[in-house]
Amino acid sequence: MSNDDLKKRRVKGPDGIEFEVNPMEDYFCTERPHPESPANRILEKFFNWARSESVWILGYGTGCGAIEMRPLMTPRFDAYRFGIQWRPTPRQSNLLMVSGYLSVKTLKRVIRSYEQMQNPKFVMALGSCTINGGMYWDSYNTINRLDHYLPVDVYVAGCMPRPESILAGLEELKKRIRAGKGEGANTYIENLDWYKANQKKIIKDWDMPDYNW
Amino acid sequence: MDYVIHELKTHFSGRTFEKKREDLLFTTLETGVLVHALKHLRDVLGFRHLVLITAVDWIEEDQFQLTYLLRNHTQKTDVGLRVFIPRQNPVMESVHTLWETAATYQRELHEMFGIDFPGSPRVNKPFILEGWQDIPPYRRDFDTKKYSEETYFPRPGRKTHDPETYMKQKLYPDGTES
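From first to last, the protein sequence lines stand for chains E and B. First residue of the first sequence: 1, per the working numbering; consecutive thereafter. First residue of the second sequence: 214, per the working numbering; consecutive thereafter.
Do not take every clue at face value.
Partner residues are not named here, just some residues of chain B that face chain E (Cβ under 7 Å, in silico) [what the hints assert, rightly or not]: (1) Gly-344; (2) Ser-361; (3) Pro-369.
None of these hints come from the bench; they were simulated from the model. From the three backbone atoms N, C-alpha and C, an ideal C-beta is built for every residue, glycine too.
Please take these sequences and the hints and turn them into a complete structure.
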């Protein structure tokens, strides 16, 4: 998509009628997202319990930690007994597991995946690279702190954390959700300008999301 | 391998030769004869496989060194051809007509070092970096650490220890060492 595609212009439809198109308004969402608050505080406790027992992870691997997520699906670690499973699309997931270092290219796609997930949604960050860049701390194309771009609910330390550590992290996340603290999505929306400024500082060619804010 | 040395000496003015191993030879050629030497090595001497093209930034000498590594699978030998080009306006003749795979190496060198190969396919299109706006990152005058600190929000508190001293203190805090 080039810049000319974003300019206002007149087009003729297949039925011959000519009309004006303003892509920045017609093709992109101009409505900013709003934080969501629970309608019923008592019922929300039950919902949070249900959510903590239905953690569906987006099947997306970044960095070297993705290799440690595979054993969780096998009988030895059997994450399914904790109500955890992997889904192939962000629209069926509520947990984005960032499993290692993120190059700028990868971060662009991770942000897009996160924004496609429906609320409530959570982020778990594995390893040193998501905390301070790890061994890539002085790289020219690898980010240092994931929490400047996405709201992180749980960190799992290690380089790389083993499946047992990831299971402990998932238990910690479930506690957090049950306690009503899994509000990363609202944090993201309430501080959207700060997150977007940090993202746009390093992603110089935004060409993917379907919005202009 | 001596025959290769003889050929490179006779036809392409090769002077200095380094045998890293009995089956690995390096030499430096002039820019004008490099492509002809590559063609001769491929078509006459049996070095049909282009292993890689890479570059070295000799910033002190204001030069880039290009290294072409060729493999002769029949005799199980490798030849590395080196060529030096000026660091200002670095341009080299493309070899994508000899090996199609060279186009990928040349795209990488264009993006990472800024070395141009006119006529090579897609050499001016982005390769793996998206939206890169600084000088080519593999150049030695690009300060990777400074760029990372200015761009990627480093977390304060990072420290570096000398591994030997640090581990000695950890293992023998009272100073003894058995």
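Taking the hints in turn, this is what the structure says about them:
Against a cut-off of 7 Å between C-beta atoms, the interface hint on B:Gly-344 holds, since the closest Cβ of chain E lies about 3 Å away. Satisfaction of the interface hint for B:Ser-361 is found here, the shortest Cβ-Cβ separation to chain E being roughly 5 Å, below the 7 Å cut-off. Checking B:Pro-369 against chain E by beta carbon gives a least distance of about 9 Å; that is not within 7 Å, so the hint is violated.
Going down the numbered hints, you'll see the structure goes against just number 3.
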